[in-house]
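Protein chains in written order, with the numbering used here: chain U, 19 to 283; chain V, 166 to 410.
Hints listed in this document are in silico derivations from the structure and should not be mistaken for laboratory results.
Heads up, the beta-carbon is just placed ideally off N, CA and C, and yes, glycines get one too.
There is no bait here: all hints are sound.
Facing chain V, a subset of chain U residues (Cβ under 8 Å, in silico): (1) VAL46; (2) PRO164; (3) LEU167; (4) THR170; (5) SER172; (6) GLU174; (7) LEU175; (8) ARG177; (9) ARG222; (10) SER225; (11) SER226; (12) THR227; (13) PRO228.
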Amino acid sequence: MLDDFLTRACLAGVGVALAAGPLGCFVVWRRIAYFGDATAHAAILGVALSLAFSISTVIGVLAAAAAMAVAVSMLSGRGLAMDTLLGVASHGSLAVGLVAVAAASPRAIDVDAYLFGEILAVTRTDLAVIWGGAAVVLGLIVWRWPALLTATLSPELARGGGIDPEREQLAMTMAIAVLVAVSIKVVGALLITAMLIVPAAAARPFSSTPERMAVGAALIAVASVFAGLGASWRWDTPTGPTIVTLAVLFFAVSCSLGALRRKAG
Amino acid sequence: MRLIAMHGLSVRLGEQLALRDIDLAVDRGEVVTVVGPNGSGKTTLLRAMVGAVPPAAGSVERAPGLRIGYVPQRLHLDATLPITVARFLRLGARRRNGSIGRALEETGVPDLAGRQMTALSGGQFQRVLLARALLSEPDLLLLDEPAQGLDQPGMAALYRLIGAVRDRLGCGVLMVSHDLHVVMGATDRVIALNGTVWCEGPPVAVSSASEYRTLFGEAAPGALALNRHAPGHRHTPEYGCSTTS
Numbered sequence: 019m020l021d022d023f024l025t026r027a028c029l030a031g032v033g034v035a036l037a038a039g040p041l042g043c044f045v046v047w048r049r050i051a052y053f054g055d056a057t058a059h060a061a062i063l064g065v066a067l068s069l070a071f072s073i074s075t076v077i078g079v080l081a082a083a084a085a086m087a088v089a090v091s092m093l094s095g096r097g098l099a100m101d102t103l104l105g106v107a108s109h110g111s112l113a114v115g116l117v118a119v120a121a122a123s124p125r126a127i128d129v130d131a132y133l134f135g136e137i138l139a140v141t142r143t144d145l146a147v148i149w150g151g152a153a154v155v156l157g158l159i160v161w162r163w164p165a166l167l168t169a170t171l172s173p174e175l176a177r178g179g180g181i182d183p184e185r186e187q188l189a190m191t192m193a194i195a196v197l198v199a200v201s202i203k204v205v206g207a208l209l210i211t212a213m214l215i216v217p218a219a220a221a222r223p224f225s226s227t228p229e230r231m232a233v234g235a236a237l238i239a240v241a242s243v244f245a246g247l248g249a250s251w252r253w254d255t256p257t258g259p260t261i262v263t264l265a266v267l268f269f270a271v272s273c274s275l276g277a278l279r280r281k282a283g
Numbered sequence: 166m167r168l169i170a171m172h173g174l175s176v177r178l179g180e181q182l183a184l185r186d187i188d189l190a191v192d193r194g195e196v197v198t199v200v201g202p203n204g205s206g207k208t209t210l211l212r213a214m215v216g217a218v219p220p221a222a223g224s225v226e227r228a229p230g231l232r233i234g235y236v237p238q239r240l241h242l243d244a245t246l247p248i249t250v251a252r253f254l255r256l257g258a259r260r261r262n263g264s265i266g267r268a269l270e271e272t273g274v275p276d277l278a279g280r281q282m283t284a285l286s287g288g289q290f291q292r293v294l295l296a297r298a299l300l301s302e303p304d305l306l307l308l309d310e311p312a313q314g315l316d317q318p319g320m321a322a323l324y325r326l327i328g329a330v331r332d333r334l335g336c337g338v339l340m341v342s343h344d345l346h347v348v349m350g351a352t353d354r355v356i357a358l359n360g361t362v363w364c365e366g367p368p369v370a371v372s373s374a375s376e377y378r379t380l381f382g383e384a385a386p387g388a389l390a391l392n393r394h395a396p397g398h399r400h401t402p403e404y405g406c407s408t409t410s
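For reference, chain V alone in the conformation it holds in the complex:
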């Protein structure tokens, strides 16, 4: 089932065209990862999907009644504002009894409810943000660099968690990531973005596609061997097997 679709979407930020002519859709149950260099419009894309920035051209079509759980990038909380994790999760909506505890349990941080938000580590903070997004029981999760500031095991654990959430809720997930090689095992489809959709496809295919290499230059992170056998992926002749850098 189609959750959200962008048709010829362009977004202007001030003088600049941040996104141009984007055609992109996310279906229920799939995990889509957006990669791209800095300034390629990844965050703007998410904000356009949420409806925080208006399209300059084209349209964003959302399924009727679509519930979006959005985790923004770089959330800086001011230390002058005291707020516990539980209060933070209750912010802006009435929550059912016990739902906060369950959300924290699901994201693997069940003991944090009474802690101050500003006292959390980077990994704990990202998990609390994810718990907050889950509380609205979203059809579509939008995650802007959910793994920022985490070490490799932390990232891997977070992506496993996102996969588990998708399996339980059957929601669609679109996330922004810097490192394709870490996220490859956890994603169904990769979109390389550079103002517009540069190339798109299964992770292994994209990482070896020449367009992707052009976009990221010679330093393009290659695919790891363990991702070669991603289910559903077929090695096609045009992509070959050049999946190592």
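In isolation and in its complexed conformation, chain U is listed as follows:
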């Protein structure tokens, strides 16, 4: 069954979607979309790193994304506005990364694959990495759910309840880095943040509790993957961007229905 590249693409997409949906809710709740961008763009630096040292791309990307995440977390609140800092980090790592990839590879390599993903070229090994990473992210979220949620709701409440909000934030940050590392092959560095934010935002109008929003986001992300793969197959469009386009479509529909319902209610 895994011999079919479309099956592998579906499985890879579903793996990323299941983890990105719930994790994306935290990105939305904490308003750290730009932080997600910076972490994702650092992935290109990671690609250069792995080319230069001939190590696995996943390891290189994970190291770069994690380093970026920790660096930005530590630099925040030290004078520069967070917004500015993230802008520099996000675009800086993308530009430097692209330069470094060109410098590190002896022959011309297809950078597009890292920027936009190559879901139709997912191998069995990639699948194992993607599902392994997704399981780590989902496991972390399920395991630490009450603490993560309390720390996200209010750091003060968390401290009052014996939870260290900074530790929870670090866990969240590392989860984003892991997801970036395993999903670069599926949607690429430029569109990973979209898979985090768009399904979560689409789930918001129809959620009354955080749990429902997390499950809803995962379902919408999975639906986007299937619909996007189908549409890309039918109209021969680039797959990663098509998946994100479908997610945005779900978002638009959900927001319109939510607005209608509010008017009616």
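Put chain V on the given structure of chain U with help from the hints.
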């Protein structure tokens, strides 16, 4: 019974010494109110009592097994996070069946369980926060400006509620307040804070003490006549009867 005691406590926030040399204790069954100008370390004091900030010097001694119910100040919930009152109250702990309904009933908002937290009014929000603190059946309630954003009748009702909670649970209460004159009837002891304990005593005494007036300047809120006959308070010669501003 002594619930918590601070001995020579100092707390440093960054470069600044936010609290210095605090000696303070709260007993079971008493309501203590901390007043002080902005930046006087009121919130830091509460956070030190919870254990969220470490002492730079001195110590915080808690009774063994002390359960603290803490209601922080300025809790802002992001509208992107959907959460009902019931879910909010269940957050972070397993609650016994029916305990949430009882807590909401006790704080006077029994019908809010299904509402979104972000749809509550200021008064409802504060009551839900109080209900959350009560769910852990605390020995000590720490309330950081529980009456913020409420009008005068709302404040009075909230302080009555806090008094009733103290009577039922027999817990100790330490709360931070801006307006001494509103809280006077509801408190046993007042601590005027300005980085350190400026003065301390029964409400009427503190409000008329010269130290308190120095701390708050001429605009110091005076005592209201109705609080003059607070039970247990004796008019002592050094405080006189200058309890009106």
